[in-house]
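Chains A and B supply the protein sequences, listed in that same order.
As numbered in the working numbering, residues 2 to 346 make up the first sequence, in order.
As numbered in the working numbering, residues 1468 to 1766 make up the second sequence, in order.
These are computed hints drawn from the structure, not numbers from a lab.
Among the clues, some could well be false.
Derived DSS-like pairs (lysine-lysine); straight-line CA-CA distance at most 27 Å [unchecked claim]:
{"hint": "1", "chain 1": "B", "residue 1": "K1652", "chain 2": "A", "residue 2": "K24"}
{"hint": "2", "chain 1": "A", "residue 1": "K131", "chain 2": "A", "residue 2": "K213"}
{"hint": "3", "chain 1": "B", "residue 1": "K1652", "chain 2": "A", "residue 2": "K95"}
{"hint": "4", "chain 1": "A", "residue 1": "K24", "chain 2": "B", "residue 2": "K1593"}
{"hint": "5", "chain 1": "B", "residue 1": "K1652", "chain 2": "A", "residue 2": "K131"}
{"hint": "6", "chain 1": "B", "residue 1": "K1485", "chain 2": "A", "residue 2": "K135"}
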Amino acid sequence: MQAPKTETKQPLLSVRNLGVAYKTAQGPVHAVSNISFDLAENEVFGIAGESGCGKSTLIRSLLRLLPDSATVSADACLYRGQDLMGLPDARFRKDILWSEISLVPQSAMASFNPVYRVGDQIIESIRAHKSVSKAEARERCKALFDVVGLEAGLLDSFPHEFSGGMRQRAMIAMALSLDPGLIVMDEPTTGLDVLVQERILRRIREIRSEIKSSIILITHDIAVIAEMSDRIAIMYGGEFMEQASAVDLFEQPYHPYTLGLKNAFPSIRNIGAELISIPGSPPTLIGPLQSCPFAPRCPFAVAACRSANPEIVGLEGGQHQVRCVRHADAVGFREQAKEKAVWQF
Amino acid sequence: MSANAMSRSLRKLGLGLKEHYGIIATNKLSLLGFWIIVLFTLVAAFAPWIAPHEPWEMLFDSKGEFAALRAPSWEFPFGTTHLGYDLYSQLVLATRTTLLIGATSGFISIIIGANIGLIAGYYGGKVDEVLMRLTDILYGMPFLPFIIILIALFGRKLEFVILAIVLIIWRTSARVIRAQTIAIKQRQFIAMARARGASDLRIIYVHILPNVLPLLLLYAAFNIAWSIITEASASFLGFGDGETISWGGMLYELWLSGKTRVAWWWFATPSVCIILLVTSLVFVSRAYEEVANPRLRKR
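If we strip away everything but chain B, and leave its shape as in the complex, we get (with noise of 0.2 Å):
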């Protein structure tokens, strides 16, 4: 697909991305936060030629000697780990295995609850009754023992923990789409659509979901964030993925080898990351609640 048509398929979907990068733009902090996923974003795309380590390389300083639990210096700028692992190295390439989880749970997990909150909302009765008492089931499902038994059960690989997330976290979506929906399915546009013509499906997708994009956005926003957040705990828990290193994975080897005390870089580092991460994804979403709910907006 050329640029050109790329574009012209999100103009379809509401707006260009001219336009949202005019949304982010409003808001200082929203703009800021922007740049900071780009970096991070452009930090993961090429992280195999930034990273000048393997993640489980033993190392040696110049001096030849074994560089264990180094703080940080100009050879190994984010320190080292007490197995003379280079942190710098490590917390590079977790940056693509934590984006890449935050992403596609976030997307996945948003594609789900759009579409649940879209079809309860829409046709409402019983097909509302049956999705919304799914959703308050999941409610009551606690994650963890959650993702404990899911990877008991399968094993500590990518896909299950992307797996375990997205089954938790459409529920908010979903409802929040759900409101919405109900909403804009009483404005007489709708009832005029149907007066044209168009079938349930049309509606739903044609005249609805664009009304509904920008609250889609601040929730896709939200589960991004609330994934990595997520995915750092179980990696932190031990639950991650073992073969690929991940922010919350690096937590947990320091978790294991007892050193937090001593190793203040070695903490410090992943989790700045984390939190800078989920914060500049959560100001890019306030710019799109002040789409959603323009009172936000300062006057």
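Next up, chain A with everything else stripped away, as it sits in the complex (with noise of 0.2 Å):
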């Protein structure tokens, strides 16, 4: 959260109206539609929202991992100020897949290859982009198992040696093998339990001061998001509803998805205080939004946001996102939405 803060300088990553269609038998589905982000040097960017909001399918179209089925269009996605669309397959592979771009994935029980030594996969990726010795990817091994707090012996283990946690270790370690901008984390404490949850967590940030790359962290618990994140964008219906800095996002909140998602997480000062929920699911997202994706679930939802998708409008210089037509009306909706009665209309 003490990050040093880069704002004059070019972003990492900088993507403008990224879309993801999906065809299906029933139309075109927008899983993700206008996203619009800057990630800085050395950044934490959070990414909430329940399930099924695109959270993944946003990252799988980052790192080019979508089935066949799915189209990405974007007005811009350049990292470091080279276009990523634009890129043959084979180049991005090479110069960008891993090297510059890594991924920790949702479930690392499943992601390492059963038949191979956990370290001989980190050895292979390393000399996939890097033209180093065998001995030498070793060495590099070690200190990125000694980094992530396992120990060196345990490269010589298979996979289902390892426990849950030590999976998701050397996942990390995996990820930070060739040294990445940018390391792109898809829940990565899911399925963990809660202690192996926070030893993970306290891994990840004592990692971040020791390395320079920014991470996109990607997570349905508001809590994690909120320790880890510098910035946090929230998502629902394939759209970011609002995107602050963490400390902004939590105190003064504009959008009634992040009022409703503020309810659903226990608080440690109001022990006993019973969680609201947000009634309803998340809308289906075939055929582009003729009105704001949350006005069905919305207490404070007016006709103007049935009739139109609002457009992203930037409070607070710019520096607050907010999709809602209602923004203006925050500060009444901060009170009425801790009423239980609110949510039930």
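Reassemble the complex: the two chains are provided individually, in unrelated frames, and hints are given to aid placement.
Written out as structure tokens, the structure reads:
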């Protein structure tokens, strides 16, 4: 959270109007649309949202890991000034994947090839991009294992000999192996028990002070994101609803969905308080949106919300972006949203 | 290649020799089959030194009489044919031909089948469609007319017998490997390999192939067994290589001689060998089947 801001410099990753559509029998499903953000060097950008809101699709589109049925479009997607969209697959694989953008996947459990030793798999990913000897790559692996808190001897183990937490750490070591500019973490702690989760997060935080990489952190766990991120985007129905610095987002949320999400998580200061959930479920996203995607579940929705998808508005000097027609009334909403009855309309 | 380097490259393929023996030794029948195969292999390797006579050499017994249609005795352990050929020598020399044909066509067919299965399964779409329809066409190809035409066109040569067998038997392995490839390519570690920048070929041969290896070895054993049976049937019908003796060829000569009802030892020896070797291969493949499909393992 105390990372130095480098706003004057060129952003590491700059995305403008990214959209992903899946072909289906019922017509194209716009899983992700109108996504724009800038990621600075050494910044942690958190993306939060409930299941099915398009978080994974968004990052998979950046890594070109989507199935053939998906089409990606964007006005711009610049990594250190280089256009990622126009890059041929072979060059993207060689120059960008893993060496510049690496991934810590959702379930590290299934992410190692069961027939190879863990160390060999990390060595493989180093040697695929860098011409170093096996011995050098192995030295690098030892150093990486040290960083994530695993013993060097474990390099010769098979993935099934690792516990879930160990595998996740090994996965993080693998993601760090080539000093990438950007590490995408797709729910890095999902499926781990709370203690291991905490240990992994602590480790990620420690690593942050040692490396220069930026991180995109995807999770549905607001607590994790609040703790780790410099900036946060709240995603719903394939779009960013609100985007702001972590402090601003939690202290002055503008979007009703953000207010709802905040309600749904327990607070330490208010033990025993009843949690309020948001009734309803996310939209299906078939065909282009004709209204605010959150309108059907929003207690503050008015006619304008249902007639058009609202534009993004930059507040507080453009630093706090909100996609809501009623952002001016947000101060009142913040109080009203704390009442359970408000959500049960 | 030194033994050490060889075992290392085998290990790269998935397992070391020791582990393979470990797989086979888990099952008593497989172990028995394994040693029978080893025995036949040794006989094949040293055949010219083990066989006392030439395969088509007319023999006379110790009393100087023409040794035609002799039942097994100390002098002729497996008996002789109506032309006085020693069946023991024929059998030993035929082992070499049979194993050679079996191993070669089994090996080549599994390589073809594995590659076609991996490529069809991995790429899917049109590639899959074309390769699998090709396989379907082969399924519609009756083996005997196919080999008869091939032999009629090119002559009774060992190479063409092998070619005919290979062209037919890769089909089943291709289908099975394709199905397994489709299952494995959905697994997350394949997506991760792609995220790490692995090319298609690397994913197919480095990441998927070792995971289908138990199935591959299972079908390699099946293919060898099937090649041996097929070679025997082709030779029995007179479409084997006329210059080389094989087990099926021995049965063919018996049939031509018209002595089937008289000389039980003549048809017993090659038949027992065929059954023994093929059964052993199936037993060994059982052990790999248990690795490929652990549910078969006894509880």
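Tested hints:
{"no.": "1", "hint": "B/K1652 with A/K24", "verdict": "holds (21 Å)"}
{"no.": "2", "hint": "A/K131 with A/K213", "verdict": "holds (19 Å)"}
{"no.": "3", "hint": "B/K1652 with A/K95", "verdict": "holds (21 Å)"}
{"no.": "4", "hint": "A/K24 with B/K1593", "verdict": "holds (18 Å)"}
{"no.": "5", "hint": "B/K1652 with A/K131", "verdict": "holds (26 Å)"}
{"no.": "6", "hint": "B/K1485 with A/K135", "verdict": "holds (25 Å)"}
When each numbered hint is compared with the structure, no violation occurs for any of them.
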